[in-house]
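Enquirer: Work out the full structure: start from the sequences and follow the hints.
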Amino acid sequence: MSDTHAKTVSFVRTEMLPEKAPPITSIGPIAWARENLFSGPINTIITLLSLAFIYLILSILLPWMFSNTWSATSLRECREMTGTDHGSACWGVIRERWEQILFGFYPQEERWRPILALVLLIVAIAPILFTAVPRKVLWLSAIYPFLMPWLLWGGTIWLPVMVALGFVIAYLIVRFGEDLIGSLGSMVGAVAAAVIWWLFLASPIANAFASVLPLALETVGSREFGGLLLSITIGVVAIGLSLPIGIVLALGRQSDLLIVKTICVGFIEFIRGVPLITLLFVASTLLNIFLPPGTSFDIILRVIIMVTLFSAAYMAEVIRGGLAALPKGQYEGGDSLGLNYWQAQRLIIMPQALKISIPGIVSTFIGLFKDTTLVSIIGLLDPIGLATAIRADSDWIGVLWELYGFIALLFFVICFGMSRYSMYLERKLKTSH
Amino acid sequence: MTTLTDPPKDSFRLSMLLYDTRYRSMTIQVIALLGFSAFVWWLIGNTAQNLSDLGKEPSFRFLGEPAGYDINQRLIEYNSQSSHFRAAMVGVLNTLVIAFLGCILATVLGVAIGVLRLSKNWIVARIMTVYVEMFRNVPVLLWIVLAMAILIETLPAPNAFRGDTPSASMILNSVAITNRGIFMPAPSFTTELVSSSVAWWLVIGVFVASVLGVRYVRKSATATQNATGVRPTTWYLQLGILFVPMAILLLVLGLQWTSPELKGFNFKGGLHLRNSLIALWLALSFYTAAFIAENVRSGIMAIAKGQSEAAGALGLRPNRIMSLVVLPQALRVIIPPLISQYLNLTKNSSLAIAVGYMDITGTLMGISLNQTGRELETLLLGMLIYLTISLIISTVMNVYNSRMQLSER
Amino acid sequence: MKKSVFIGALTVAGLAAAAAPAATLDEVKARGTLNCGVSTGVPGFEAPNADGEWEGFDVDVCRAVAAAVLNDAKAVEFVPTTGKTRFTALASGEVDMLSRVTTWTFSRDVDLKFEFVGVNYYDGQGFMVPKELGVTSATELDGATVCIQTGTTTELNLADYFRVNNMSYEPVPIETQTEAQQQYLAGACDVYTTDSSALASVRSSFADTSAHVILPEIISKEPLGPLVRHGDNEWGDIVRWTLNALIAAEELGVTSANIGELSAAPTDNPEINRLLGTEGNLGEMMGLDAQWAVRAISAGGNFGESFERHIGENTPIGLARGLNAQWTAGGLMYSPPFR
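Chains as they are written, first to last, in my numbering: chain A, 1 to 433; chain B, 434 to 842; chain C, 843 to 1181.
It is possible that some hints are incorrect.
In silico lysine-lysine, DSSO-like type, Cα no more than 27 Å apart, as pairs [to be verified]: (1) B:Lys701 x C:Lys973; (2) B:Lys738 x A:Lys428; (3) B:Lys696 x C:Lys973; (4) C:Lys871 x C:Lys955; (5) C:Lys871 x C:Lys916; (6) A:Lys136 x A:Lys261; (7) C:Lys1063 x C:Lys973; (8) A:Lys355 x A:Lys328; (9) A:Lys261 x B:Lys701; (10) C:Lys955 x B:Lys489; (11) B:Lys738 x B:Lys553; (12) A:Lys261 x A:Lys328; (13) A:Lys355 x A:Lys136; (14) C:Lys871 x C:Lys973; (15) A:Lys428 x A:Lys136.
Simulated restraints, written as ranges between beta carbons of each label pair [unchecked claim]: (16) A:Ile60 x B:Pro620: 32 to 38 Å; (17) B:Pro751 x A:Leu409: 38 to 44 Å; (18) A:Leu409 x C:Asn913: 43 to 49 Å; (19) A:Ala132 x C:Asn913: 53 to 59 Å; (20) A:Thr25 x B:Pro751: 54 to 60 Å; (21) A:Leu425 x B:Ser470: 57 to 63 Å; (22) B:Pro499 x A:Ile60: 47 to 53 Å; (23) B:Ser756 x A:Gly417: 27 to 33 Å; (24) A:Val265 x B:Arg457: 20 to 26 Å; (25) A:Thr44 x B:Trp668: 45 to 51 Å; (26) B:Glu510 x A:Gly417: 50 to 56 Å; (27) B:Ile464 x A:Ser336: 28 to 34 Å; (28) A:Pro351 x B:Leu764: 34 to 40 Å.
Short derived list, chain C residues pointing at chain B, Cβ under 7 Å [claimed, not checked]: (29) Asp951; (30) Lys955; (31) Thr992; (32) Glu1012; (33) Pro1013; (34) Ile1016; (35) Gln1025; (36) Ala1030; (37) Ala1162; (38) Gly1164.
Simulated from the structure, these hints should not be mistaken for laboratory data.
The C-beta atom is built at its ideal place from N, Cα and C for all residues, glycine as well.
Expert: Quick look at the structure:
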């Protein structure tokens, strides 16, 4: 067949031509550039303008950045080294002060503690954030809230142990008292027992244990916290504490009980309606006035209290969003199984609502973490506050961009990392249903 | 089936308060109310006790006393002999000014950047991504401080405009950009007929009337189009309504522009936009714009591609597709987060204190607090003011939002 | 005591730890540290160094008090306060004393219920201008843009001065001194006004000090000194007499170099003996021991030594003694007798 064909129709090509390479303008970088950068006259102009813009920025920034002033010990020395007043950066200030910007005044030999606390924090939240982590790590997550204050502030280990015991007692009463005195009774009993334990028994018993077996870390006062350590401490503690408060507020806002709902809505809207800085002013000047005469927290704890209230209101809104996103069938399913309100919340609603809220919680945390810089306005030495203090040192009067640039970089790295994570999570949650 | 008994004719027992679901919610509410009242009572009691220990008595009388300090940017008459209350009002107005300006610029920038992030031009899209990430992930306080530092360090001082060969010169001989702010020509009226504030009200009134007139013309044009299928050409009418009455009014009032002049230490005359205002305005707007850009981007991406393709199939041109099909739908997604961004911007404007912009935090909760030592009163009042502003913004925006939302049937 | 921090951290327990206010001296002794309020940073007066230790002229007063009371000049917790938070911090008991460039005024003493225990620096508000403006007197400042620190008496003085002299000005309010400096140097304001000591120290930090002049007018009296709460007179006495001991030590020629020798045995000068506890029982009267002043003076040297080390003419700050010289040298520093 084939050779008859070949003979009869001589003008038909019998074999395929080899593939030719595509024209140079439609493959590789050139094609890409044509398509993405120079697809039309307007586009070309925009591209050129953008390139000029980038060049302008870099031509200002790079010569400034690359200056060999790492070893300088004062701004004067820097100026001598570079021979100009403003033309190049003075990195000596970062070399001399970077530890202070990270740790504040935390004692040098104790700095492994905040680092360890941070590492443990990452491990402790890993099972919540990544599903691949073994579930056993959850035990660490459970004890972490008691471990972290001990690591950071030091003191005897017995006090956090005793505080944790209060929760255990409450749990046991709820668990076993339900049959004896009913669910409501056991819950009230648990709260009462825990409060009594904390107020009257925990401290003496901890003292007794401490005198028998003194397991203690050196105490570090709140005032020695500073720099990034202070920002992270305030951010993490406030978010951690605000989670339970936020859940309660969100449930209160969703509930049918008018008075409860009004109180919750009032609180949430009040906090969300005023700037954080006014709450910090309250922390710095008024909070002691609201408390019983003689009570005195130091300023950092007062700030943590107010920031917790602040983030609780935002947390409540995030969790309310999670609750609203749950299909109604989940509530009805819970009802049809005969679960009461708290059982349904604990076993069905909350696990799902919290899971969908995680991206929102992460972005609340990012926002809060950035907002911790506001404490510099009330005189705490967070990175920005420290920058001011460093600039008051007579060696470094006049240093500006280096410090702010360094601090901006620190915040950028942390916040950017977290926001990438939250985006990853959002994508993962989206595909799951 | 008929064994179902009637609910027992129960006599009320005390335990039913706890175990009967009909009454339990009542009980819980009463307990919650009692607990809440007790808490508030406890707070008030503590406060009263502590204040009397300190020998202070809560009183707002200080609001009537002379403030004693000067404020640079004041929209109403104020001097150092005015009362603390008036200082607070100056602060409130300054807060409103920065919030208003900030929201406008942030929206414009945010929409532009959000659209550009979806640009087909790779390099533009990347630059916008870098912009968004850079501004979102660094604290706004740092941006405000940096903006101020950049303005102060890079712009020329008024001194640079002096001498025979000045190193800086005014733009068009009327605008001077200095590190003390921007000095611009200011309009004023030469007329003797009415006072200048009346003249301003007249201008505003005529402007509003013209806008309403234009809207009426458009509406009637649409009505004609609906009835006949042909849209009458009205653009010249619209332009006329917008400009002719205003031009006549300005001519009658004798509008003139006063340019700033370098006199003594500084530029005099004209309009002075202070450094603190500009730094705060730019920093807040750029920061908030990064968030708005993300909202806009996700809003546009939420519109199904079929929408614009269908519009294209109907023969609409790309810009009409954007304005008639995509944006109206995207707006429904964009507006709710936009409201919260406006609120955030307004609240963040309280960081004005970092650059010395005299808003309500700087006057009432700043210098007045310092000079009088009345922490409780000033802070309560300040928080109340912020709360009111926030509530007004969210109410207005929510009304707008509900009008924009699809009315489902 | 170690647990107290922890108790605070766990709010619940913190409430239990609340105690009725006791005498400040007992509290300080029980706590083992002195809480001293300072500012967030004024060159020469208070600023943290690279090791995180606070240094400065005001800081030395805190250290002297700690040395006198607790026998340890390092046992001080420095609490940075802003112009807004300083008085609340003191009133609420968060700090035991304030030593942070605070002007002694009637209303602060009487209305805010504080007790100024003395003056460690006599200051006054002045103006600094660039030389090229050609201004020689503050009365020529009509229309100037003035950089000014908020939260101080400065802004009230300024408003009064310009109003009385019928001049106009444009205030540029600034939160911290470092910002003010930056703005002034960049020409964002024509004039920088603050206490003249701060002006001198700011000027000394400039690259070209001769390009700026401090105008002759001093428009206010700013006696700066440490203060304590009203009502606890025993504690007030301790702080007052510690400050006086430093001043008296300079007058009597007691320095950190010769104090060991002078306090070892009674000298010929009975006042030195009483001061250093080798004669009489002045320390006991205050509830301290006889060696209190020896420790206070050894902590940072006498008044003059501290002055020279932190703000004197050989430091970058470069302040002359002026009003702050001893009364015997024509100044105002005058300690009541130790008797």
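Enquirer: Evaluate each hint against the coordinates.
Expert: Okay, the hints, checked on the actual structure:
1. B:Lys701 x C:Lys973: Within the cut-off at roughly 22 Å; holds.
2. B:Lys738 x A:Lys428: holds, 23 Å
3. B:Lys696 x C:Lys973: Holds. B:Lys696 to C:Lys973 sits at ~18 Å (cutoff 27 Å).
4. C:Lys871 x C:Lys955: holds, 24 Å
5. C:Lys871 x C:Lys916: holds, 14 Å
6. A:Lys136 x A:Lys261: Not OK: A:Lys136 and A:Lys261 at ~38 Å, beyond 27 Å, violated.
7. C:Lys1063 x C:Lys973: Status holds; Cα separation ~25 Å.
8. A:Lys355 x A:Lys328: With a Cα-Cα distance of about 17 Å, the restraint between A:Lys355 and A:Lys328 holds, given a limit of 27 Å.
9. A:Lys261 x B:Lys701: Violated: A:Lys261 and B:Lys701 sit about 57 Å apart, past 27 Å.
10. C:Lys955 x B:Lys489: It holds: about 10 Å lies between the C-alpha atoms, which stays within 27 Å.
11. B:Lys738 x B:Lys553: It holds: about 16 Å lies between the C-alpha atoms, which stays within 27 Å.
12. A:Lys261 x A:Lys328: holds, 20 Å
13. A:Lys355 x A:Lys136: Holds, at about 19 Å.
14. C:Lys871 x C:Lys973: violated, 53 Å
15. A:Lys428 x A:Lys136: Given that 27 Å is the threshold and the Cα spacing comes to 23 Å, the pair holds.
16. A:Ile60 x B:Pro620: 32 to 38 Å: holds, 37 Å
17. B:Pro751 x A:Leu409: 38 to 44 Å: holds, 41 Å
18. A:Leu409 x C:Asn913: 43 to 49 Å: holds, 45 Å
19. A:Ala132 x C:Asn913: 53 to 59 Å: holds, 58 Å
20. A:Thr25 x B:Pro751: 54 to 60 Å: violated, 26 Å
21. A:Leu425 x B:Ser470: 57 to 63 Å: violated, 42 Å
22. B:Pro499 x A:Ile60: 47 to 53 Å: holds, 48 Å
23. B:Ser756 x A:Gly417: 27 to 33 Å: violated, 39 Å
24. A:Val265 x B:Arg457: 20 to 26 Å: holds, 22 Å
25. A:Thr44 x B:Trp668: 45 to 51 Å: violated, 33 Å
26. B:Glu510 x A:Gly417: 50 to 56 Å: holds, 52 Å
27. B:Ile464 x A:Ser336: 28 to 34 Å: With a Cβ separation near 29 Å, B:Ile464 and A:Ser336 satisfy 28 to 34 Å, so the hint holds.
28. A:Pro351 x B:Leu764: 34 to 40 Å: holds, 35 Å
29. Asp951: violated, 12 Å
30. Lys955: holds, 6 Å
31. Thr992: holds, 6 Å
32. Glu1012: Hint holds; C:Glu1012 Cβ to chain B Cβ min 5 Å, cut 7 Å.
33. Pro1013: holds, 5 Å
34. Ile1016: holds, 5 Å
35. Gln1025: holds, 6 Å
36. Ala1030: It holds, given that the least Cβ distance between C:Ala1030 and chain B is near 5 Å, below 7 Å.
37. Ala1162: violated, 30 Å
38. Gly1164: Violated, because the Cβ-Cβ distance from C:Gly1164 to chain B comes to roughly 28 Å (cut-off 7 Å).
Violated hints, listed in ascending order, are 6, 9, 14, 20, 21, 23, 25, 29, 37, 38; each of the other numbered hints is respected by the structure.
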